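Novice: Work the whole structure out from these sequences, hints included.
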Amino acid sequence: MIHKIRARLAAALLLCVTGAAHADTFVFTAIPDQDESRLMTRFGQVADYLAAELGVEVRYIPVKSYAAAVTAFRNNEVQLAWFGGFTGVQAQRLVPGSRAIAQGVEDPQFISHLIVHTSTGIEPSDDFPLALRGKRFTFGSRSSTSGRLMPEHFMREATGETPQRFFSRVGFSGDHSATIALVQSGAWDAGVVNYKVWEQARAAGRIDDSKVRKVWSTPPYPDYHWVIRGDVDARFGNDFTDRVQAALLAITDEALLAAFPRQGFIPASNEDYQLIVDTARSLDLLD
Amino acid sequence: MRFMPEAAWNTTAGRFRRASLWLGLVGVLAFLLADLEITTLSPGTELARIGTGFLTPDFAATEFVWQALANTLAFAFQGVALGVVAGFVLALGWRFRGVRAFSAVIRAVHELFWGLIFLQITGLSPLTGVLAIAIPYAGIFAKVFGEFLEEADARPATALPSGSTWLATFFYARLPLILLPVRTYSAYRLECGLRASAILGFIGLPTLGFHLETAFRQGDYSAGAAILYLFFLLIGTLRWWLHRHLLPLYLGAALWWAPPLSSAPAGTLWRFLSEDIVPAPLRQDGGFEAFMQWCLRLASEQALPGLWHTLVLSSAALLLTALLSLLLFPLVSPRFGSPLSRGLGHILLVILRTTPEFLLAFILLLLFGPSMLPGIIALALHTSAIVAWLGGRFTLQWPARCDGATGLRGYCYEVLPRIYPNLLALLLYRWEIIMRETAILGILGITTLGYFVDAAFAEFRFDRALFLILVSVLLNLGVDAFSRRLRQHLRLSLNEGRTLARLPGADTTPPRGAAP
Amino acid sequence: MDVLFSFRGDHLYQGARPVLTDLTLTVRPGEKVALLGRSGAGKSTLLGALRCQHATQVAWCPQDGALVPMLSAFHNIYMGALPRHGVGYSLLNLVWPQARERQAIHALARQLGIEDCLRVSIDRLSGGQAQRVALGRALYTRRPVLLGDEPVSSVDEHQAQRLLALALSQHDSAVVALHDRSLALSCFDRVLGLRDGALVLDAPTSGLTLADLDALYA
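Just so you know, the protein sequences line up as chains C, G and E, in that order.
At position 16 of the first sequence (counting the first as 1) the number is 16 in the working numbering, and the numbers step up by one without a gap.
At position 358 of the second sequence (counting the first as 1) the number is 358 in the working numbering, and the numbers step up by one without a gap.
At position 196 of the third sequence (counting the first as 1) the number is 196 in the working numbering, and the numbers step up by one without a gap.
Note that these hints are calculated values from the structure, not bench results.
All clues stand as given, with none of them false.
Derived CB-CB ranges, DEER-like:
hint: 1; chain 1: C; residue 1: GLU161; chain 2: G; residue 2: GLY267; range: 37 to 45 Å
hint: 2; chain 1: G; residue 1: PHE288; chain 2: C; residue 2: THR252; range: 53 to 61 Å
hint: 3; chain 1: C; residue 1: THR252; chain 2: G; residue 2: GLN293; range: 50 to 58 Å
hint: 4; chain 1: G; residue 1: LEU304; chain 2: E; residue 2: LEU12; range: 55 to 63 Å
hint: 5; chain 1: C; residue 1: GLN164; chain 2: G; residue 2: ARG271; range: 30 to 38 Å
hint: 6; chain 1: G; residue 1: PHE288; chain 2: E; residue 2: VAL87; range: 48 to 56 Å
hint: 7; chain 1: G; residue 1: ARG297; chain 2: C; residue 2: LEU94; range: 20 to 28 Å
hint: 8; chain 1: G; residue 1: ARG485; chain 2: E; residue 2: ASP172; range: 51 to 59 Å
hint: 9; chain 1: C; residue 1: ALA204; chain 2: G; residue 2: ARG297; range: 42 to 50 Å
These figures come from a predicted structure and were not determined experimentally.
Every residue gets a Cβ at the ideal spot worked out from N, C-alpha and C, and that includes glycine.
Specialist: Below is the structure:
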C-alpha cells in the first residue's frame, strides 16, 4: 500500500518521466465531465484495477485541460485517455493509428441543455428559442464537445447564423459548473451545459429555479470515449489493445464507474465519431 | 500669470503635468470607446457562496496540495535562476540591436503561452515549467541588466592600465558596480516568478494554480480559498525566508525535488518546427495564393479586432491603474498613517497583487456582467497593487523634515511631486505587462489578441497561434518604443529595475567619507 | 636624444570642443614634469592625450580616482596589475586574494599609509584614503611613466610632499597635474603652465619662483 502511495506521489510530483525511464509502465489520463476534485485518489483506483487485469504497472496522471490531455497523448506521455468527443477526434488525427475502443453507456446518446436566466422570460420548448437573439450567451470550455462544439452546431442549424452574429456577446466560461453559476447570477443571459452536469447540480441543490431554467435540449450526439495509441501492442504485447478494451468493458464496480461517472462501458470505434469530425470541420475548428 | 506677467512658467512639474494630461486623455478616450455595459441581475447567491467559501477554507479538500506548493517553489526558483543567468549573458551584448530586439520578442510572450508551446516540445514535465518562466524572464533581465551596465560609472574601467583583458576589466571594474542592483532586482523578480509559477498550473503543470483554477471553476470555493490563503502566506512571508545566503540551498532543493527533465520523446522539437507551426495552407500544399488568403483572413478576423480590443482595454486599465496607485501608495508609505495602518495596507496589497487576475475577473463578472469593465478593474487592481507597493517605498528616498507638511497637504506638496516621475515610469513600464495579461480574460468574452491565441492553442493550430503571437509581439515592441520615447522626452532614465535599485535598503553603503 | 612625448602644433579636443590649440611640446625620458593651470585650463585633456601616445608605458592616476566603490582597497590597488597577470589568476585573486599579491600590496600600502584599510571597501574610506588607493593602483602598475591628475589634492601638505616623492622615485619619467605650486617647485624639475587654451609656461623649476607661477592664475 505504502509502495503504491509512493508510486502515485512520484507520478503527481514529477508528472511523468515516461518513455525511456519507465518503458514498462502503462499510463492513462482522464478528465471527468464533472467534479475534477481529488482526481489522483479517484482514478488511482482505476489504475489499480487495470494493473490487476492487465498484469503491467499502470499509472494515472491528472491533466488539467483537454488540450493538455491531447498533447500528453500525442507525446506518448500517456497511452490511453478518456476524451470528450472533439478532443478524442483531435487525438485520433494527431496520432495516426490510435483507436477509439470504448465509450460510456450514455455516450452514444449524449445531449446538452440550453439554460437561460428567468429574466429573459423564455419558456421551455422543443425548438431553439429564437427570442434569444441579441442576448448574452456563454459556452463552456472552448474544446468541449457538450459545452461548445455540438450545441454550436445545432444552434447554427436552428438560427442560420454564427453565435457571434446571433448573440450580442459570446463568452467561454471554461467549465459547465461556471456556466451554471454565471447564468444563474444573470451575468450571462443564456448558456449551454452538459446534461449530466446539470442533473448533478440539480441533485446537489445548486439550482435556484426562480433564476435559471432549462429551455431547450440538443438532439443526441456521440461524446466521451477511450482512445488508445496504435503502438501499444508493439510495446506491451500483441493483444494488448484488445485486453485493455476487455478490461474497460468489464468494469462493473460502482466505485470505479463513479469516477467518470458512467453506468458502464460499451465498445466504440473511430467511425462512431464521424459526425464530430464533420461538425468540427464545418465550424472551422479542424483544418 | 497675473502675478508674473514678465515670465512664463518653466518647471519640471509642468512637463510631467502635460504628459500626464495627454496620457489621461488617451485613457479617457479608451474608456469612452470601451464596452462598459453593466448587466447584473442576481449575483447574490453565487457571491454568498464565494463569501462562505472564503470564511470556511478547507485545507483538506485538495489532494497533494503540499506537493503543488513545492512544485510552485521549485519551478520558480529554477526558472528565475536560469532567467538571471541567460538574461545576464544577453545583457553583455546589450549594445547590439539584434540582442535588444531578441530580448524584446521573448519577453513579449506571456508565460502561459510559452508554457503551451513547451508542452508540445518537452511534455508535461518540470522542464516545461522552468523554461516557461526562464525564457520571458531572460528577456526582462536582459533589458534591466543591460541598462544597469549602460548606466554604470564607466570611469573605473577606463582608469585601468592599458593592456588589461576584457574579462578581467569586466569582473573588476564593471560587475561590482551593478552587482547590488542586480541582486535587488532579481529578488523582486522571484516574487513575480512565484506568481507566474502558480499561474502555470492553469495549463496543467502541477503547481498551486492547477488546483486553484479547478476549485474556483467548479465552484468549490472552500477548497479554492484554502489554496489562495496558502499562496498569500507564501508571498506575504517572502522577506522572512528569502535570504541571499539560503538561495543555493533553495536552488539545490528545487533541482532535487523537480529535476528539469523533459518527458516527451525525442523529435518533438523538430515536429513542432517542421509541422506544427507551418501554416496550414503550406502544410497541405495549398500554394502561396492559399497562404496569402490564410494570412489575410487571420489578420482581418482575429489579429486586427484583437489588436484594437487589446489597445482599448489596456489603455483604459492603465488609466485606472494610475488613479488607484495614487490612492493606494500612501497606505504603505511611512510618511502616512501609523504602523498598524501600514501593516494592514501591506496585507491588502499582498492580497491584491497575489490574487490571480482571472479570479478577480470572475468575481467582477458576477457583479457587473460580461463587458470590458470587469477586465479593466481586475487588471487595474492587480497592477496598481504592485505599483503602489513600489511607490510606497519610493517615499523613503528623501529625509523627512520635522516641520514638513502632513496629511493631504504633505501628500500634494511634499510627496507626490517627488515620487511622481518614478510612478509614471513604472506605469509606462507596466503598460506592456497589462497588455500581455489581457490574454487571460477569455471568460469575459472580450476578443483581445490573447483570446484568439488561447483559442488557437485549444484547437491545436500552432500556426495560427504563432501568427497571432507575432502580432502581439509587434504591438509590444510598438508600445515599448512609444514609452521609451516618452521617457526620454520626460528625461526619465528609469525602468523598473533601475527604480528599484535606487531605493533605500537596496544600497546600504554610507556616502563616501561618512565613516572612517 | 630620445623623445617620450611630443606635440607639433597639435589641437586637442574634449569631445568636439577644442581645449588646447596649436600645442607644441616635447617631454624626454627621465623628466619629472609638473603641470599647472586653473581648473578648466586643459590639464586633464593634455594628460589624456599623453596617455594615448604611450598607453602601454603609462601608470595612470586619474583625477577622480575612478575606483570601484564596492571593492576593497586591496582589490582596487591590484587592478593596476591586471595587464601583468592572466585572467584566471586575476579572477582567482578576486574571490581569494593570493598571498603573493597580499604581501606586495601590503608593503606598498604601508608606504602610502593605508595598510590598515586594505580590507575596507572604497565607499567606506575618507577622500584622502581613497586618493592614496588610486595612487597605489598607479604605482602597482609598475610602468616607467607616471601620469597623474591631482593625485594628492585631498591629503595634507606634509603628506602630499612625501607621497609625491615616493611616487616620483618609482618612475623614470612623470607628468603630474597639480594645483599646489610649492609642491611643483619642490618635487619636479620642469613646469608646464596652461592658460586660455595655450601652453604659456615651459621652464625648468630651478629658475622659477612662486610669483612666476601666480601669473598663471591671475
